[in-house]
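Trainee: Based on the provided sequences and hints, a complete structural model is requested.
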Amino acid sequence: MWLRYYMDVHVPAAISEALRRSGIDVLTSQEDGTREATDEVLLERAAELDRVLYSQDRDMLRIAYARQAARETFPGLVFSHQRGTSIGQLIDELELIAKCVRADEVADQVMYLPLT
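Just so you know, we're using our numbering here: the sequence shown kicks off at 1 and counts up by one.
Hints in this document: simulated from the structure, not taken from any laboratory. Heads up, some of the hints might be wrong.
Calculated cross-link-like contacts (lysine to aspartate or glutamate; reagent style EDC-like; alpha-carbon spacing at most 20 Å) [stated by the list, open to error]:
1. Lys-99 - Asp-25
2. Lys-99 - Asp-50
3. Lys-99 - Asp-39
Treat the numbers as computed from the prediction; the structure is a model and nothing was measured.
Mentor: Set out below in structure tokens:
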């Protein structure tokens, strides 16, 4: 089974749409009604839904690392900076992760894009 993503509020819609066209299960924070939620709530919501969170928000890194330090579980975080990587490359790499990485391999971990 492929990983399922929960997209942070500022992720470009083109990324979510392209992943869906590839058969990846994507839920955006806007669709989930958490557009105004804090970063802590977004990561907790991703955990409740058992979805890997994709974010371009540096504050989310701090929150994920704090959860690791406190030994609080979460399904995982995939992070990329807002600049420096094309949307096409982000889509390709998010698809690769979703299709090739098992949930237990990303659980409680932070993965960075680009992969190379």
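Trainee: Now look at each hint and say whether the structure bears it out.
Mentor: Now for the hints, and whether the structure bears them out:
1. Under the criterion of a C-alpha separation no larger than 20 Å, the hint pairing Lys-99 with Asp-25 is consistent with the structure, at around 11 Å.
2. Between Lys-99 and Asp-50, the direct Cα distance comes to roughly 16 Å. Compliance with the 20 Å bound is thereby established for this hinted pair.
3. Restraint check for Lys-99 and Asp-39: not satisfied, since their Cα atoms lie roughly 26 Å apart, outside the 20 Å limit.
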